[in-house]
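Protein chains: 6
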Amino acid sequence: MFELGVVKRNISRADRVATDGLAQFGSATVHEAMGRVGLLQPYMRPIYAGQQVSGTAVTVLLQPGDNWMMHVAAEQIREGDIVIAAVTSPCTDGYFGDLLATSFMARGARALVIDAGVRDVKELQAMGFPVWSKAISSKGTIKATLGSVNVPIVCAGMWVNPGDVIVADDDGVVVVPAAKAVATLDAASKRQALEADKRARLAAGVLGLDMYKMREPLEKAGLRYID
Amino acid sequence: MFELGVVKRNISRADRVATDGLAQFGSATVHEAMGRVGLLQPYMRPIYAGQQVSGTAVTVLLQPGDNWMMHVAAEQIREGDIVIAAVTSPCTDGYFGDLLATSFMARGARALVIDAGVRDVKELQAMGFPVWSKAISSKGTIKATLGSVNVPIVCAGMWVNPGDVIVADDDGVVVVPAAKAVATLDAASKRQALEADKRARLAAGVLGLDMYKMREPLEKAGLRYID
Amino acid sequence: MFELGVVKRNISRADRVATDGLAQFGSATVHEAMGRVGLLQPYMRPIYAGQQVSGTAVTVLLQPGDNWMMHVAAEQIREGDIVIAAVTSPCTDGYFGDLLATSFMARGARALVIDAGVRDVKELQAMGFPVWSKAISSKGTIKATLGSVNVPIVCAGMWVNPGDVIVADDDGVVVVPAAKAVATLDAASKRQALEADKRARLAAGVLGLDMYKMREPLEKAGLRYID
Amino acid sequence: MFELGVVKRNISRADRVATDGLAQFGSATVHEAMGRVGLLQPYMRPIYAGQQVSGTAVTVLLQPGDNWMMHVAAEQIREGDIVIAAVTSPCTDGYFGDLLATSFMARGARALVIDAGVRDVKELQAMGFPVWSKAISSKGTIKATLGSVNVPIVCAGMWVNPGDVIVADDDGVVVVPAAKAVATLDAASKRQALEADKRARLAAGVLGLDMYKMREPLEKAGLRYID
Amino acid sequence: MFELGVVKRNISRADRVATDGLAQFGSATVHEAMGRVGLLQPYMRPIYAGQQVSGTAVTVLLQPGDNWMMHVAAEQIREGDIVIAAVTSPCTDGYFGDLLATSFMARGARALVIDAGVRDVKELQAMGFPVWSKAISSKGTIKATLGSVNVPIVCAGMWVNPGDVIVADDDGVVVVPAAKAVATLDAASKRQALEADKRARLAAGVLGLDMYKMREPLEKAGLRYID
Amino acid sequence: MFELGVVKRNISRADRVATDGLAQFGSATVHEAMGRVGLLQPYMRPIYAGQQVSGTAVTVLLQPGDNWMMHVAAEQIREGDIVIAAVTSPCTDGYFGDLLATSFMARGARALVIDAGVRDVKELQAMGFPVWSKAISSKGTIKATLGSVNVPIVCAGMWVNPGDVIVADDDGVVVVPAAKAVATLDAASKRQALEADKRARLAAGVLGLDMYKMREPLEKAGLRYID
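Residue numbers (numbering that gives the first Met the number 0), protein chains in the order written: chain D, 0 to 226; chain R, 0 to 226; chain Y, 0 to 226; chain G, 0 to 226; chain U, 0 to 226; chain Z, 0 to 226.
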């Protein structure tokens with residue numbers, strides 16, 4: 000958040016297999032697998048339901064009402080990237096629409112995460128390009144002031160470095176530092192494996208109170224049952 | 000909102016027939032039938048569209064970032080209940096996901112209403128478990144501090160007693176005190192019967208100004224028509 | 000926003016052909032075609048996705064918690080109108096539901112835009128009546144205080160005169176002054192024609208940096224590329 | 000929140016000595032003394048700084064944009080009361096100004112707590128009448144629809160019964176159920192006595208880590224110190 | 000809100016005597032004197048307490064993050080003006096600080112009302128220059144895109160024409176159309192005269208219920224007193 | 000934001016002279032001197048007016064409703080530090096009051112910046128301990144879950160490393176990376192020197208249009224003056 004006017008070309012991307020493998024687990028499992036960290040604020044919502052993706056981050060730092068750097072970012076996109084963008088102050092303007100999406104898709108981008116507004120929602124859904132944003136707005140933007148591409152940014156309250164893994168679904172967006180991608184994939188797999196058994200037992204009527212052995216700690220904490 | 004660390008086991012539930020009968024009318028008609036009271040704040044939204052349910056309230060008072068009491072609540076659920084949960088201070092964390100939903104469904108719960116966040120939106124929709132919440136968030140919660148189950152709570156600005164009727168649909172959530180369930184069902188039926196006739200007349204082009212005889216009171220109030 | 004207790008009957012509506020022709024372009028293109036003006040605030044959202052309409056404005060100024068003027072407005076609707084309503088202070092109550100929608104449709108209204116709440120979301124979708132609103136709420140309203148119909152209003156931050164063109168879709172709502180309807184239709188057509196070519200080039204992998212000749216101005220502005 | 004059109008005249012007020020004694024402790028200490036319950040939402044703020052009061056609740060349930068019940072409430076005020084008011088749906092209008100404050104003071108009211116707006120801030124400060132509110136707004140209100148006086152209400156997320164104790168200061172507003180007033184006064188006194196000693200030790204440089212014996216539980220929880 | 004790139008030099012200002020006379024009444028009385036219209040949204044707050052002013056409007060339409068037009072506006076200020084500024088989309092940046100205030104004061108401006116952010120709060124208070132704003136923010140702005148000066152604008156939900164009267168105090172901001180300035184001054188004077196008598200009677204313990212003869216209409220509306 | 004359960008003891012603090020020298024310039028000048036970066040979101044406000052400080056950051060990462068790490072942080076404070084704290088999800092609870100302030104002051108802390116709530120506002124002002132926060136709330140917190148001390152955090156949208164410089168005043172809070180402290184002090188001094196001359200000229204009636212030579216670029220941009 001401290002560098003303006005810079006584009007970093009050669010970034011180190013997270014392990015590809017781990018990055019791609021994380022999509023299937025979704026944001027909640029990945030967040031838990033990292034030790035309950037990494038989430039963007041919950042005001043970041045998909046512009047249409049049902050998408051679930053992972054990819055390597057190309058970061059963009061934008062100025063209010065100015066999407067110039069989105070065009071600069073397009074050139075830096077590689078197959079399997081997700082563009083993630085922040086603004087230097089709160090803004091709901093429509094920084095992104097079907098033309099930029101066409102360009103981003105042609106470059107290999109899998110999705111956009113932007114702490115601002117987007118437009119052409121219907122077209123983006125028809126194109127199958129997933130977007131998570133703070134707002135939907137038709138407001139057009141200018142191209143006048145420099146921001147940066149592929150510098151560290153803060154997006155919706157979370158620190159993102161270029162090359163980190165982004166995992167996003169209907170529950171929200173989570174950032175996995177590149178160095179933790181492989182370990183997080185492993186932890187997420189294990190976590191999910193455990194959940195299948197738990198789900199079966201709960202479906203059979205076993206209570207979490209018993210399955211998680213909570214009765215004793217609850218009693219110790221002083222929980223009283225009355226009739 | 001004043002009792003922590005308590006679980007009430009034997010609660011008096013609203014009349015079952017009246018409770019179940021209220022679902023068909025939806026939150027708007029039930030709210031009107033009670034004399035325009037009982038609604039939760041409109042920031043409470045279904046996590047997916049198209050659900051319409053009624054049930055008897057099992058109430059939960061939670062601590063910020065802590066879903067321990069949701070597990071305690073599961074044991075108190077009876078067939079036909081709706082779990083309704085509040086937090087002691089504003090929180091958007093994801094208190095509830097597919098595992099808890101599996102357990103709640105196995106116990107007979109029809110829905111969850113929670114003044115906080117939930118996660119696993121896609122899975123919950125696939126399971127057909129309806130949820131109304133303030134937020135959607137992957138943020139995990141801990142199990143460390145006592146709240147209460149089946150005490151009176153304030154959820155999204157409305158007072159709820161265990162055993163009250165909850166009616167929820169795409170328009171929002173309304174609470175019917177248990178003692179008013181039967182009378183409200185009756186009033187809602189009558190209201191709806193009247194609406195069919197009104198709808199037909201309005202569809203035929205009759206104006207509300209004439210149907211509701213508003214022209215005279217409008218004139219008395221001083222309304223001026225100009226050209 | 001300064002006249003209460005007035006209904007203007009004979010308003011001058013925007014050119015019908017231009018009004019109807021604007022629907023196909025959507026709010027973003029029309030906003031750009033007007034020179035990036037005319038948008039309502041982005042908190043105005045469709046109550047269900049997929050609608051895209053244009054029409055001539057019948058304006059309503061409402062009092063908090065009071066929908067009396069909606070009934071007065073019904074009589075002023077002509078085929079091809081969109082009702083657009085503001086409140087004298089912020090309010091989320093449900094001013095509009097299926098009965099009023101039945102009446103509005105019978106009068107020829109194409110949609111409602113309201114800086115407040117509505118209810119009967121499911122019924123409105125089933126009826127195919129499009130609504131853009133600030134909130135969804137079952138809260139009922141009274142009929143006690145005069146507002147106005149067909150006076151100039153401010154709706155969600157934008158000035159609207161009766162007879163102006165309203166264009167609304169999943170991206171938001173834009174107002175075109177009646178006197179600018181024909182010119183805006185022309186400008187929107189031209190803008191859209193240009194976009195087809197741009198889209199094809201971007202899809203083929205041409206960068207916006209080159210297509211829009213941004214490299215030189217970016218360099219002049221001081222953009223630095225690093226590795 | 001379920002009774003409209005009712006004024007209860009003879010309410011049972013909390014113990015006077017306990018009520019008056021609670022003012023000195025402030026909202027934070029009283030909230031802790033009750034076991035960390037009873038607080039209104041933190042958006043409730045004093046309209047000017049430096050006031051600290053306690054009193055017995057006269058409750059008011061208002062309609063949006065309508066302050067009729069404030070006049071009805073005035074008659075029910077007794078020496079030592081605090082008027083606490085809620086609205087049936089969110090509203091920021093200015094329900095209260097210097098004239099009503101003059102009347103309330105003449106009746107013996109000590110303060111107003113209102114989940115809505117007030118006006119005449121400068122005059123209220125000059126009169127020395129304390130107010131906690133959600134908003135400040137000049138917007139005038141009407142007198143057309145019945146609410147209630149001295150029924151149970153939900154104000155800013157907290158349940159209040161007529162006669163309960165209200166304690167308010169620069170930190171916020173807390174409700175003490177009438178039946179708990181005496182015990183809460185006692186607990187608050189003890190809590191405050193303990194704080195004096197703690198404050199002295201902390202001022203002398205003793206760490207909370209040692210004073211509260213936190214080092215061992217922190218270590219058990221897994222806290223790691225690195226250099 | 001529809002003209003960009005325009006500065007109107009010769010505007011017609013409201014009657015000077017009426018404009019200056021309105022300051023003493025404050026925003027609430029002036030709003031009531033106009034028939035309960037004209038208020039900006041209540042999120043507009045003074046950056047420090049205790050100011051009360053009136054003046055003729057010089058309007059400014061700004062772009063997000065861009066204060067170029069504030070400098071253009073400075074030249075259009077005449078003695079007794081208040082600058083009132085809106086942005087084409089929501090923005091909290093700091094458009095105004097002590098340097099611009101120095102310039103505005105040198106030109107004769109009495110205050111600034113801006114639906115955005117300002118900075119240098121301490122210096123502005125020391126200079127005695129009153130400001131009402133949506134936010135306080137140190138964020139700097141650029142000078143790149145045209146807006147307009149002295150065109151009609153919507154500021155915080157209210158329509159303002161250049162030359163209108165602005166009245167602002169601790170309760171908020173109200174706009175009086177130039178053509179209504181004299182009549183509003185007269186109505187405000189009368190209203191205030193009536194209030195003195197009312198205040199005296201209320202202070203003497205007379206109830207509003209009796210003074211305003213509310214008991215009969217309340218009874219007719221069905222108000223029930225219970226013990 | 001990715002490390003929980005860690006306390007870093009030996010952090011590298013920014014140059015002391017530069018850190019201390021930055022206080023006099025305030026957040027707006029320092030933000031400009033860094034190239035318009037470094038600001039926290041404008042919802043961070045001083046809990047009382049008139050404070051202006053700078054210091055070296057001790058960072059704290061907290062859990063929702065849990066202030067355990069504040070006690071851990073106290074031990075890490077050195078003379079001249081400012082404690083800056085974030086929470087893993089949005090929370091308004093009162094994490095800090097007069098006891099912790101007593102301890103922090105005894106350790107040499109100059110201020111607290113916290114993206115959450117605090118309480119004991121009156122006492123903190125009396126003690127002269129400056130605080131910037133998102134909320135004021137009496138809500139008490141628990142001590143149950145580990146966060147971290149002196150790890151990098153995101154506070155109110157800005158990245159902060161332990162040892163960075165924090166500058167805060169009535170306009171907001173800005174972060175200066177430790178490595179830029181000396182250069183920023185130099186740039187801020189130069190900027191301020193230039194402002195004195197500008198201020199004198201503007202006070203003498205010179206327009207910014209002329210002083211900044213804006214007339215030509217405005218004309219080029221197409222600005223039209225009309226009468």
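No lab work stands behind these hints: they were computed from the structure. Treat the hints with care, since some could be wrong.
Identical copies carry no separate label here, and so any pair may be met within one copy or between two of them.
Using 25 Å as the maximum straight-line C-alpha spacing, the simulated DMTMM-like pairs for lysine to aspartate or glutamate come out as follows [unchecked claim]:
(1) Lys219 - Glu2
(2) Lys121 - Glu194
(3) Lys219 - Glu122
(4) Lys219 - Glu194
(5) Lys7 - Asp196
(6) Lys7 - Glu215
Because the structure is a prediction, the values reported are computed rather than measured.
Each hint tested on the structure:
1. Taking the shortest alpha-carbon separations for Lys219 and Glu2, only the inter-copy value of 18 Å comes in at or below 25 Å, while the best intra-copy value is 52 Å.
2. For a Cα distance limit of 25 Å, the shortest separation of Lys121 from Glu194 across copies, 16 Å, qualifies, whereas the shortest one inside one copy, 36 Å, does not.
3. Neither within a single protomer nor between protomers do Lys219 and Glu122 lie at most 25 Å apart by alpha-carbon distance, with minima of 57 Å and 34 Å respectively.
4. For the homomeric pair Lys219 and Glu194, neither the shortest alpha-carbon distance inside one copy (27 Å) nor that between copies (27 Å) is at most 25 Å.
5. Taking the shortest Cα distances, Lys7 and Asp196 never come within 25 Å of each other, neither inside one copy (46 Å) nor across copies (30 Å).
6. Taking the closest pair of Cα atoms, Lys7 and Glu215 come within 25 Å of each other only across two copies (18 Å); inside a single copy the shortest separation is 55 Å, beyond that limit.
This entry does not satisfy hints 3, 4 and 5, going by the numbered hints stated previously.
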